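Trainee: Residue numbers (the numbering used here), protein chains in the order written: chain A, 1 to 234; chain B, 1001 to 1234; chain C, 2001 to 2212; chain D, 3001 to 3212.
In case anyone wonders, no lab produced these hints; they're calculated from the structure. Warning: the hint list may mix true and false statements.
Here are some of the chain D residues that sit facing chain B, going by a computed Cβ distance under 10 Å [claimed, not checked]: (1) Pro-3055; (2) Pro-3057; (3) Tyr-3058; (4) His-3096.
Simulated restraints on C-beta separations [claimed, not checked]: (5) C:Pro-2152 - A:Asp-18: 47 to 57 Å; (6) C:Leu-2077 - A:Asp-18: 51 to 61 Å; (7) C:Gly-2185 - B:Glu-1140: 16 to 26 Å; (8) B:Glu-1140 - A:Asp-18: 39 to 49 Å; (9) C:Thr-2075 - B:Glu-1140: 34 to 44 Å; (10) A:Lys-221 - B:Ser-1198: 20 to 30 Å; (11) A:Arg-229 - C:Leu-2077: 43 to 53 Å; (12) A:Glu-218 - B:Lys-1009: 49 to 59 Å.
In the DSSO-like style, the derived pairs of lysine-lysine whose C-alpha atoms are separated by at most 30 Å in a straight line are [what the hints assert, rightly or not]: (13) A:Lys-221 - A:Lys-3; (14) C:Lys-2121 - B:Lys-1046; (15) C:Lys-2121 - A:Lys-2.
Source: prediction; values computed, not measured. Here a beta-carbon is modelled for each residue, glycine too, at the ideal position from N, C-alpha and C.
The residues making up each chain are set out below.
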Amino acid sequence: MKKIFPDAKAALEGLTFDGMTVMSGGFGLCGIPENLIMALRDTGVKDITVISNNAGVDDFGLGFLLQTRQIKKMISSYVGENKEFERQFLAGELELEFNPQGTLAERCRAGGAGIPGFYTKTGVGTVIAEGKEHKDFNGETYILETGLAADLSIVKAWKADEQGNLIFRKTARNFNPMMATAGKITVVEVEEIVPLGSMDPDCIHTPGIFVQRIIKGEHEKRIEQRTIRERETA
Amino acid sequence: MKKIFPDAKAALEGLTFDGMTVMSGGFGLCGIPENLIMALRDTGVKDITVISNNAGVDDFGLGFLLQTRQIKKMISSYVGENKEFERQFLAGELELEFNPQGTLAERCRAGGAGIPGFYTKTGVGTVIAEGKEHKDFNGETYILETGLAADLSIVKAWKADEQGNLIFRKTARNFNPMMATAGKITVVEVEEIVPLGSMDPDCIHTPGIFVQRIIKGEHEKRIEQRTIRERETA
Amino acid sequence: MPWDRNDMARRAAQELEDGFYVNLGIGIPTLVANYIGEDIDVTLQSENGMLGMGPFPYDDEVDADLINAGKQTITELRRTSYFSSADSFGMIRGGHIDLSVLGAMEVSEKGDLANWMIPGKMVKGMGGAMDLVAGVKRVVVVMDHASKAGDPKLLHECSLPLTGQQVVDMVITNLGVFEIDRGKGMKLTELAPGVTLDDVKAQTQATFEAAV
Amino acid sequence: MPWDRNDMARRAAQELEDGFYVNLGIGIPTLVANYIGEDIDVTLQSENGMLGMGPFPYDDEVDADLINAGKQTITELRRTSYFSSADSFGMIRGGHIDLSVLGAMEVSEKGDLANWMIPGKMVKGMGGAMDLVAGVKRVVVVMDHASKAGDPKLLHECSLPLTGQQVVDMVITNLGVFEIDRGKGMKLTELAPGVTLDDVKAQTQATFEAAV
């Protein structure tokens, strides 16, 4: 049962079909599966529903899949950085479902953990609550949100071993761990494949059970807002 | 805002009251807050509802609080290792609520994460489902379980820093991380207090936000089932 | 010659496939680990919070922080990861474990399972059994065909409180192997050496199709 | 002389207490970090998955894997921990964050907040704002008292789609400070230097009690 694949194209082979649902990890451009997004584009698969907190920028990340019109629908919390997204949406070419960011994160976790629904206070009294079941607990009102699953999850981690154990780095962790649990198949790209036994077993973020295929990728890691301070001069 | 206290007695000062609810981490005798359980006994607090996967053994862990009749009710998944528990329960002196282990774990997580209720398949068609709301999702039936919170959570970790960041060791992690999130106040005992900045920030299991008080304890770490194999002789 | 405990464990081990993640219950199911084929790669889960469970430790390796769900001391492997019980049961409930092997008191012909409670006796609790049978993809029960008193344990309906409803896929007893189509019915597919269909019928209340 | 952006941030910083865990929104709220008193210990949360957010990096410290919720590059501190977005919003939803400082388009006298959507314009999304206002213990809004067109932003009822209902505890504008008893009503408790009650009344639609 070999999990390590030679490249992104090979890792997606046999996994894609028109109309599929794909979860894509990352927050903004941080911790996104750059290589697998490109490989997904190159499969030519159409009418994808993409679950991702953001939609990339025009010339990076999920922006590539928008350019090629492969995305039918986005489930996201914020899409403000992408002009092509705006154009397609306003032209009625793209469906969009907004979720509050924490609700989206929890829906992915729930989907991976066998929880079909949970109640949250987030969004009560807003458009998000419209049409959703309301229920009171201890005198407060909550709404029902459902678990999310995907035909395929594409995930970016820092390190993997051959069993698929994963470690993420700093804030590049974000949505990746939950999405890894919620894909029928989860394919992961990493910066480094490390020898089995070299990870601290107390510090593995995603156990290998959630990972079916792994590749080592090449990562540009583009920065959206390079914000710096001046070094005080002596 | 000093979180480190000199000893278990000092760490519980002002936190206990009769009729309170206490979550206690650990699985069997592994990863239990030995020192804080003894200090809780010594406060003399009565009619406690204890949420803990197990109930200790007769002469260790929560067994001490059973001997002194300080526990009114247990919420647990398995209590088979404690004769005094059995005696009190059969004599009608002790209330008992069984939860499936995974449901108990998830209820603690939910309580800490602002989720008042969630649906699960666990227990459908069994006595556990009696009186609980049933709901269908995608043609399957699930039951509603509620989040759990506690007035006080007592937790055992391996290492802490002065901010309350925690690392657990091996299977002593078990229920401790969720219970740390679900206490109005969480008090932690550790084997070692380490300098701030010495933990890898990617490998902190419980961020300090969940921890109000910390002590360094002395740990017997009793073993329930010492099971070994023979070394092959050459 | 009906199967003994080790024979039943060996037969259960044949249900494991390369790449499987498996949870083994207490008792005979624990013995299954001794019979995993050397040609397949299997990872054992322990529901308290561990994936990649190793064998029992040597005397000088015992670690109080390293136990399995039966509270026995164990060891880790190079592939091991640890996680919280919430994450562990997320894994179980979410359908990520391929197979669970469990003991039982009773199994019904529709796949209902009773293995946690005898009315009138002190109840110890269900532990993780209800979560496992509800969440794991495939559930194999290993048990004696009849009780010590000789009463059948494969029944039309379980008489004891259930652990799960329509959750069992296969039952391996000392007399043979039954496959269950959950909610529909059961089928005898193998007999232990020297055991006849009549032997099985004599000790079985459940309706089953004989396919041996 | 009404307050400017920095004055408003400085005033908001006075709401922080020793030991607080705080989430700061984008814009003026980000400036609050510059005015945290040196006598108190405050930990900043970034909802993408970080506790213990440090200042912007020096040019040679920039790390693409280390950004805040505004997607800006930042640094870590000795106390920093990282976690998933699910754990991060568990922290937020579960009421563990003491204070959030956010910008707004409109606030109602009952504490309703609108800050994510203008009908007819392209909607960018609510990001984590709805989770923050629903979960954080105390919500402080910092905003200009009136829109650029001169329209009041403190209203009887919000006209824009809500981010949260009865969620705001305090509003700091360029003209002064309002305390809100969620669901009940608002009270003017401070005036910026040189600003009169009549100045405030002229630019406020919301009913408020004057306590200055």
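Trainee: Next step is simple, just say for each hint if it's right about the structure.
Mentor: Outcome of the hint check:
1. With 10 Å as the threshold, the beta carbon of Pro-3055 (chain D) stays out of range of chain B, its nearest partner Cβ sitting at about 16 Å, so the hint is violated.
2. With 10 Å as the threshold, the beta carbon of Pro-3057 (chain D) stays out of range of chain B, its nearest partner Cβ sitting at about 15 Å, so the hint is violated.
3. A distance limit of 10 Å between C-beta atoms decides the matter here; for Tyr-3058 (chain D) the minimum to chain B is near 19 Å, and the interface restraint is violated.
4. Taken as an interface hint, His-3096 (chain D) checks out: its beta carbon lies about 5 Å from the nearest beta carbon of chain B, inside 10 Å.
5. Distance hint for Pro-2152 (chain C) and Asp-18 (chain A): a CB-CB separation of about 52 Å, consistent with the stated range 47 to 57 Å.
6. Between Leu-2077 (chain C) and Asp-18 (chain A) the C-beta distance comes to about 41 Å, which lies outside the given range of 51 to 61 Å.
7. Gly-2185 (chain C) and Glu-1140 (chain B) have their C-beta atoms about 21 Å apart, which keeps the hinted 16 to 26 Å range intact.
8. Under the hint 39 to 49 Å, the C-beta atoms of Glu-1140 (chain B) and Asp-18 (chain A), about 27 Å apart, miss the expected range.
9. Checking the proposed 34 to 44 Å range against Thr-2075 (chain C) and Glu-1140 (chain B) shows it holds: the Cβ atoms sit about 38 Å from each other.
10. Taking 20 to 30 Å as the suggested C-beta distance range, the pair Lys-221 (chain A) and Ser-1198 (chain B) conforms, at roughly 28 Å.
11. Judged by the Cβ atoms, the range 43 to 53 Å given for Arg-229 (chain A) and Leu-2077 (chain C) holds: they are separated by roughly 46 Å.
12. About 57 Å separates the C-beta atoms of Glu-218 (chain A) and Lys-1009 (chain B), a value consistent with the hinted range of 49 to 59 Å.
13. With a C-alpha separation of about 24 Å, the suggested pairing of Lys-221 (chain A) with Lys-3 (chain A) holds against the 30 Å cut-off.
14. Simply put, Lys-2121 (chain C) and Lys-1046 (chain B) have alpha-carbon atoms about 28 Å apart, close enough for the 30 Å limit, and the pair holds.
15. Our distance criterion of 30 Å between C-alpha atoms is broken by Lys-2121 (chain C) and Lys-2 (chain A), whose separation comes to about 49 Å.
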